[in-house]
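**Student:** If you're matching them up, the sequences are chains F and Z in order.
So the first sequence is residues 1 to 219, counted in this note's numbering.
So the second sequence is residues 220 to 341, counted in this note's numbering.
Bear in mind the hints are in silico, worked out from the structure with no lab data behind them.
C-beta: ideal position from N, C-alpha, C; glycine also.
It cannot be assumed that every hint is accurate.
Computed footprint of chain Z on chain F, listed as stretches where at least three residues anywhere in the stretch have a Cβ under 8 Å from a Cβ of chain Z [to be verified]:
#, segment
1, 19–29
2, 81–91
3, 149–155
4, 203–209
Interface residues of chain F toward chain Z, partial, derived using beta-carbon atoms under 10 Å [unchecked claim]:
#, residue
5, 75
6, 76
7, 77
8, 127
9, 181
10, 184
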Amino acid sequence: MNSAVDSDAVVAPDRLRLVTQNFRELQGLRWVLFGVTFAIFNLSLPWSAQRSWVLIPIILPMGIIAKYLDRYYERRFGRIETSPEPEMWRLVRALMAGLPVAGVIVGATLTRHIVHPDPKRIALSSLLMWVSIFCYVFSSRLQLLSLRKRYLVPIFVVGTIVVLYPMLGSIDSAMFSLWKELIAGLIPLSMIIVGLCDHVVLLRLMPKPASEDDNDEQI
Amino acid sequence: MTNKSKPIPSPNRMVHEPARLAILTVLSSCASADFVFLQGVTQLSKGNLSVQLTNLETAGLVVITKEIIDKKMRTTVRLTDRGGSEIEEYWRTMDAIRASMADRKRAPERRRRTSLTPEPAV
């Protein structure tokens, strides 16, 4: 995408506004880190349930990497201070953030105290969690939907098919165990893929300027 | 409405230049931005961005602040109140120009249609 502005160029105000207003949202490597942490946390669950110190070597490096990511984004893309949002829009955003939380709580409540788990019931509660998380991701930044739909829609469709797999027919216990593992990894994996794709979008919207001899800012 | 009845408004030359317009558009979408972000999003060279920012500061449309963080200079730019109103005014003017041009395009069509309409019998 060649978006250079010189004296004869045409300014694309919509692109400039889109990048500026969604700059923080497009810093996808944070989602990748969150997804990796989530995945490692899931994998370590059998050990960490008994020995909680197991979580320390997981959380500590992630904190260091998060700090490094902040520095990376600041050096590569710069920094902005966002304009304060209207009170109403902040309230709507807070309510939308509650949607995945409510979905996870309701889903977990539906599957709690099940001695003999019914795959279809678990599939329904998982679907509730999956859809509520995706509704939040889809609607949190509507301006970005035109750019994100290329990867969000396929991920949503594939994820929904995986979640609904037990509804398609009866599954044996081995397949059910495999399906549960897939479900556990679905959200972290989606975070990683969406994060990487968001990062690629940001790189394409803000390509690195041609290198110049001096590294100091002029003026 | 004829071509002569409504003059086409002219935009502010200080804002209309593409590089300065890009900078002002970015700054109007945030509270402040640093030099690196402005360069990345506008794809201007350091020299050009620097010159345009100085021009905008001289015109009183932006405020530039410099601070040294980790032994490196950080230049932060924000829009002044005047800068904010100038960019808003610029887009209003451009909308008016667009509307005016569309009106001028439609005028001959309207005239042609009027001439083709048969006069009512008396």
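**Student:** Take the shortest C-beta to C-beta distance between residue 127/F and chain Z; is it under 10 Å?
**Tutor:** At 37 Å from the nearest chain Z Cβ, residue 127/F fails the 10 Å test, so the hint is violated.
**Student:** Quick one, is the residue 77/F hint okay against chain Z at 10 Å, beta carbons?
**Tutor:** Since the shortest Cβ distance to chain Z is 5 Å, the answer is holds.
**Student:** Can you confirm whether chain Z covers the segment 149–155 of chain F, using C-beta to C-beta distances below 8 Å and requiring at least three such residues?
**Tutor:** violated (count 0)
**Student:** Does residue 76/F meet its interface restraint, that is, does its C-beta lie within less than 10 Å of any C-beta in chain Z?
**Tutor:** 8 Å, holds
**Student:** Tell me if the interface restraint on residue 75/F is satisfied: Cβ within less than 10 Å of some Cβ in chain Z.
**Tutor:** Given a least distance of 7 Å, the restraint on residue 75/F holds.
**Student:** Hold the hint about residue 181/F up to the distance rule: shortest CB distance to chain Z must be less than 10 Å.
**Tutor:** Not OK, violated: residue 181/F not within 10 Å of chain Z, min 41 Å.
**Student:** Using the nearest Cβ pair, does residue 184/F come within less than 10 Å of chain Z?
**Tutor:** For residue 184/F, the interface hint is violated, since the closest Cβ of chain Z sits about 38 Å away, which is over 10 Å.
**Student:** Count residues of the segment 19–29 of chain F with a Cβ under 8 Å from any Cβ of chain Z, then say if the count reaches three.
**Tutor:** Satisfied; 4 residues make the cut.
**Student:** Apply the coverage criterion to the segment 203–209 of chain F and chain Z: a residue qualifies when its Cβ sits closer than 8 Å to a Cβ of the chain, and three qualifying residues are needed.
**Tutor:** Holds, because 5 residues of the segment 203–209 of chain F bring their Cβ atoms closer than 8 Å to Cβ atoms of chain Z.
**Student:** Establish whether the coverage given for the segment 81–91 of chain F by chain Z is satisfied; the threshold is a Cβ-Cβ distance below 8 Å, and no fewer than three residues must meet it.
**Tutor:** With 4 residues close enough to chain Z, the hint holds.
Checked against the numbered hints above, the structure breaks hints 3, 8, 9, 10 and satisfies the rest.
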